[in-house]
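Chemist: For reference, the chains in residue letters:
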Amino acid sequence: MASNAAVPFWRAAGMTYITYSNICANLVRNCLKEPYKTEALSREKVHFSISKWTDGKPEKPTIRSDSPEE
Amino acid sequence: MLRRASMLLARQPILAARARPFSTDLPAAPSADATFTEAWTKVIPNMDPPKTPLSFMQPRPPTPSSIPSKLTVNFVLPYASELATKEVDMVIVPATTGQMGVLPGHVATIAELKPGVLSVHEGSEVTKYFVSSGFVFIHANSFADIIAVEAVPLDRLDVNLVQKGLAEFTSKLSSATTDLEKAEAQIGIDVHSALNSALTG
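First to last, the sequence lines map onto chains A and B. With my numbering applied, the first sequence covers 6 to 75. With my numbering applied, the second sequence covers 28 to 228.
Take these hints with a grain of salt, some might be off.
Straight-line C-alpha distance at most 30 Å; calculated DSS-like pairs for lysine-lysine [as the list claims (entries may be wrong)]: (1) A:K38 to B:K155; (2) B:K113 to A:K38; (3) B:K199 to A:K42; (4) B:K78 to A:K42; (5) B:K155 to B:K141.
DEER-style ranges, computed between Cβ atoms [unchecked claim]: (6) B:N101 to A:L46: 38 to 44 Å; (7) B:P57 to A:I55: 55 to 61 Å; (8) A:Y22 to B:P80: 50 to 56 Å; (9) A:R16 to B:S202: 39 to 45 Å; (10) B:P77 to A:K57: 23 to 29 Å; (11) B:L181 to A:T59: 35 to 41 Å; (12) B:A194 to A:L46: 39 to 45 Å; (13) B:E139 to A:K38: 27 to 33 Å; (14) B:E65 to A:S54: 28 to 34 Å; (15) A:N27 to B:E65: 47 to 53 Å.
Hints were generated in silico from the structure; no laboratory data involved. All residues carry an ideal CB built from backbone N, CA and C; glycine is no exception.
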């Protein structure tokens, strides 16, 4: 019972559906016309701030985001 | 293998008896708990009892006995809801098995979408979107939920960028070494050729 169903090529290469779907979405966003393109790219930016806690107090938070410039 | 087949056949009738009904065939759950509301009004008669999430949600209509005339479509994206319970005549979705036309009374289906054009037909007007990928859930009561990660109207796409991307990924495929790179290049080619045919077709 090596491979029962016909798996899609990305699954066979070890990629999950979410990765595949996000890659497709990014490619489509990159092909947009100008004003829409910048809106779309900014929409998908992820920022989060992490703070480590020691002795019940948070230390200074660090802000992380997807793109290295920020 | 044959022994397991006969075991499966023997198990079938039991499974069928315990089969779960589809969500559209069950009666809607009551949105307010009667005992709670009574107890609340006894203690706090002046205030309304708090609303639960269930009371905000509208239950889905049950499957009607005759085919309805319109299809109700919910088309949602992670950041916006494009169409919310819009009544249309037909939608054509780009399923992995090909362009699928959904009319009212369509059999309940779950289909995975591939990058392609989604067209919504209402009367004589057709609205087309390019969908990157997603799923469509068609329920027995002629409700269709289309969920996509990214969907853009066709006039927002730039033909030059599409063709550049297609050429780029075609060359990446020939130079790819690992399976993963090949898969990514193949995805790029699929998406860009779908974009191309959407813009030119």
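Chemist: State for each hint whether it applies.
Modeler: Structure-based check of each hint:
| no. | hint | in the structure |
| --- | --- | --- |
| 1 | A:K38 to B:K155 | holds (17 Å) |
| 2 | B:K113 to A:K38 | holds (28 Å) |
| 3 | B:K199 to A:K42 | holds (23 Å) |
| 4 | B:K78 to A:K42 | violated (41 Å) |
| 5 | B:K155 to B:K141 | holds (15 Å) |
| 6 | B:N101 to A:L46: 38 to 44 Å | violated (27 Å) |
| 7 | B:P57 to A:I55: 55 to 61 Å | violated (43 Å) |
| 8 | A:Y22 to B:P80: 50 to 56 Å | violated (28 Å) |
| 9 | A:R16 to B:S202: 39 to 45 Å | violated (23 Å) |
| 10 | B:P77 to A:K57: 23 to 29 Å | violated (38 Å) |
| 11 | B:L181 to A:T59: 35 to 41 Å | violated (54 Å) |
| 12 | B:A194 to A:L46: 39 to 45 Å | violated (22 Å) |
| 13 | B:E139 to A:K38: 27 to 33 Å | holds (28 Å) |
| 14 | B:E65 to A:S54: 28 to 34 Å | violated (47 Å) |
| 15 | A:N27 to B:E65: 47 to 53 Å | holds (49 Å) |
In this structure, the hints that do not hold are numbers 4, 6, 7, 8, 9, 10, 11, 12 and 14, in rising order.
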